[in-house]
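Trainee: Sequence:
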Amino acid sequence: MVEREQVIEIGVAVGAVAVMLAAMLTIGSAYGAENSTLSPTGGQMLVGVIVGFIFLMTAVGVGLAYTLNDPEDDLDADDDENGDAQGTA
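Residues in the sequence shown are numbered consecutively from 1, following my numbering.
It is possible that part of the hints are untrue.
[To be verified] The calculated label-pair distances, taken between Cβ atoms and stated as ranges, are:
1) 44 <-> 8: 13 to 21 Å
2) 41 <-> 65: 32 to 40 Å
3) 19 <-> 67: 15 to 23 Å
4) 52 <-> 11: 17 to 25 Å
Just so you know, the hints here were simulated from the structure itself, not pulled from any lab data.
Quick caveat: nothing in here was measured; it's all calculated off a predicted structure.
We put the CB at the ideal spot given by N, CA and C, even for glycine.
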């Protein structure tokens, strides 16, 4: 059975991809030329959507990491005595 956290992650990721695809289709239909090419303005808009998608997925990942982090997992505690983050004493 799929865990609750995994269902949330899948839903958010699919939603973000759907937003990107909708934006790409909108740009393609608005800035497309007669011979199935994209105008220079449309190309710039498409690059902007791709960069925006990268930032969106970064924000979604950080948001999910903070939202789905259980305090009893001790993921935010520093258990290393000497602080080198390698687990060596």
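Trainee: Are there hints from earlier that the structure breaks, and if so, what are their numbers?
Mentor: Number 1 - this is the single hint that the structure violates.
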